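Q: Assemble the whole structure, with the sequences as input and the hints as a guide.
Read off the chains here:
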Amino acid sequence: MSSLSASEAAPPDPDLGYAIRVKDVRVDYRTIVDPRANTLRHSLTHLGRRGGSGGRAVRLIHAVRGVSFDVEHGSVLGIVGANGAGKSTIMRAIAGILPPSSGEIVVNGRISTLLALGVGFNGQLSGRDNVVLGGLAAGLSRRQVAERFEQITAWAELEEFIDMPMKSYSSGMYGRLAFAVSTHLDPDVLLIDEALSTGDAHFRRKSYDKMQELVAQARTIVIVSHGIGAIREMCDDCIWMHKGELVRRGKPDEVTAEYLEFQGVPPEPAKARDEAAGDLGGLDDAMVMEDV
Amino acid sequence: MLDTQAAAPRTVSAQAPPEHHVFRSRRSGVPRLRTYLPELWARREFVYELARCTLRAQNYLNAFGQLWLVLNPLLMGAVYYVLVDILSNGKHSGNYFSVLLAGLFLYTFFSSILSQSAGSIIGSSRLILNSRLPRLVLPITQIVIAFMRFMPCMIVFLAVHTLQGLPWGLDVFYALPAFIEVTLFGAGLGFICATLQVYFRDFSNFLPYVTRIWLFLSPVLWELQVQLAKHDLKSHVIALNPLSPMIGAWGDALVYNIAPPAAWLAEGAGWAVAAFVCGVLVFVRREREFSVRL
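If you read the sequences in order, they're chains A and Z. Here full-length UniProt numbering is used: the first residue of the first sequence is 1, the next is one more, and so on. Here full-length UniProt numbering is used: the first residue of the second sequence is 1, the next is one more, and so on.
Rather than coming from a laboratory, the hints here were simulated on the basis of the structure.
For each label pair, taking beta carbons as the anchor points, the in silico distance ranges come out as: (1) Z:N59 <-> A:E160: 15 to 25 Å; (2) A:L44 <-> Z:R44: 32 to 42 Å; (3) Z:D171 <-> A:I32: 46 to 56 Å.
This structure is a prediction, so every number in the text was calculated from the model and none was measured. Even for Gly, the Cβ is constructed at its ideal location relative to N, Cα and C.
A: Here it is as structure tokens:
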């Protein structure tokens, strides 16, 4: 018997059927109560006190407390929640950046991230350098980056600015380039954390279209946003997190309505809501302040 | 993190086997090196590009930056030459400047590996919080940068060496294993420094004192044979210094064009491999925790 037929006979692994499986995941941060305790000087001068750990008392912060959900291939999941709900933490855990404290996360496919803090490269460097570095950091070869370079700059409409240092970019230009890089790396799973709030209406339209294009190719997208309009328009599935726990999961319209009610935002008539979603403004812009 | 069971290094074609990642709750512990090392290898172009871009951002790739890279080691050599000249009442051999430069350049390379590695994790916090790179690429990039800055020093050395009329020959190639030993030894210690800096944010304030004292205990300002021949307490301490055999061999080969004692090269190789393996293990055991600690 060949090994091929043996593997065909094996029962299918349920983990492989989903794009993302989050299984009872907890993420705890340890923060030192006294920030000065993070130094050699402090450790040496407090040696011997309280068993040598003097002042290094840590406070455990439970950012995510036992969250489980599965995401199907080709779906768009929105995550809403108040500040401090653990949305960004769970995104970093899915990206493999933060290790879970317990539980398990399974991701099938190439992960690309567009997280709150930006691409994370040097503002002194030109846009070109940052695009190349971003691609190489994601594990592409130099040739693969070169192939995508034109598409990326063209999509971001930054051809004339690509050789200028990134520090001279506006936040909109920065956001456009970051979005272009992360979506052009052929991701199977794209994680977007509050990256859509800096763009103007034209860019938002374009980024929605780009995401639709990815979804049509059975790619999976997870979006964290305070822009309820974006969640309602883009997502076919929604999660509301609060204080590290999953409160509700369901249709984006229903979950976001409940979430807004919980937040104390008066429910709006359906007509007004449709208009707001239509021009991509309204609520989205009203909540942008929270993104920062 | 990085406990990924990725089937293959990322290839972007439709036929590529799908990636499969499992992230579990192991905060420390050595990751599976069978997946970690290929991921690291896949980032080799990233390391080179980041090193080049960093140097360019510091203006080291334009004409004046290059000039500074040559001037700086010469000035540094001059500082120590004056110091030793005064302390020894002018009694040193005619080719002393060459001896001094050879050791000083190599030692500066070593100490800049340590100091730059120490800052590599803290200085890239945004990158660490936003991407799933094998963290080892960050100190490795700093080692590459240190190497790129070291190269112009060698041009200065070759010029001085020629001007002083010192011999050339095939034995100069013994400097190569000595150099590799120093690089591996420095890399191992650099990985440990990078890890320590995450836990003790003032570690890099202590580091310059350590490297300065280590400089004086290494055969840079003086020659190894001369001190070892004294058979006093100091000579025993010097003999214990891991850098002694490496820099001693480097100086013999490069300045005098003689084959260094095989024992020196063997001892240096032992230290280098041990430090490198320890450094890598310490770093990769801890690197999962970096994103929580930043």
